[in-house]
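Position chain B relative to chain A; hints supplied.
Taken in sequence, the protein lines are chains A and B.
Numbering of the first sequence is given in the UniProt record's numbering, commencing with residue 1 and proceeding in unit increments.
Numbering of the second sequence is given in the UniProt record's numbering, commencing with residue 1 and proceeding in unit increments.
A few of these clues could be false.
Cβ pair distances, simulated, as ranges [unchecked claim]:
#: 1; chain 1: B; residue 1: 10; chain 2: A; residue 2: 56; range: 51 to 59 Å
#: 2; chain 1: A; residue 1: 75; chain 2: B; residue 2: 64; range: 28 to 36 Å
#: 3; chain 1: B; residue 1: 13; chain 2: A; residue 2: 30; range: 20 to 28 Å
Source of the hints: derived by calculation from the structure; they are not laboratory data.
Note that the coordinates shown come from a computational prediction; the quantities given were computed from them, not determined experimentally.
A virtual CB, placed ideally from N, CA and C, is assigned to each residue, including glycine.
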Amino acid sequence: MSDYGNYGGSSMEAKKQQVMDQVRSELALANAQELINKINEKCFAKCVPKPGSSLDSSEQACLSKCMDRYMEAWNIVSRTYINRVQRESQNMGGAGGF
Amino acid sequence: MSNPNFDEAAQRELSKFLEAEQAKARLQQSIHTFCDLAFDKCVTKIGNKLDRSEEACLANTVDRFLDTSLFIVRRLEETKGSM
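Just chain A, same shape as in the assembly (with noise of 0.2 Å):
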């Protein structure tokens, strides 16, 4: 992650922006290492099914196209279930519950 080094000052506002930004960033890399491990294990199972000496060209091919449709069945996971909560949270008056 880039480190913007210092603000311009050690203000408090400036240490302050450091902090959530460095929170924001943690954050982000465990969402994308969590993404990365499941594609992992998900695309393995489905395009090898009998691991051999090296990766084929098939299972490359297959390991490719599964990382693409994993992250747009995330999306579509992600969208649903966001609109789900929101859904919910109007009807139980902003209280939702998952």
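Just chain B now, kept in the frame of chain A:
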């Protein structure tokens, strides 16, 4: 989060910010769990794109899973109520 670098107002702001980010992180963790589940159920063969039935299946999996969760809670409350 008492920190000599931040005054009370800043600490409160950071507190709220952290709460919001943690809530977002919990949402994203749920999305990962649902996507794991839904991908297994709905995408059996890896193709060049997701077809319409796979897309519908993915969305349905999320909604039905959440319906299941609500159902279970309601049923447990009914059972408790009759005790």
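Consistency of the hints with the structure:
| no. | hint | result |
| --- | --- | --- |
| 1 | B:10 to A:56: 51 to 59 Å | holds, 57 Å |
| 2 | A:75 to B:64: 28 to 36 Å | violated, 19 Å |
| 3 | B:13 to A:30: 20 to 28 Å | holds, 23 Å |
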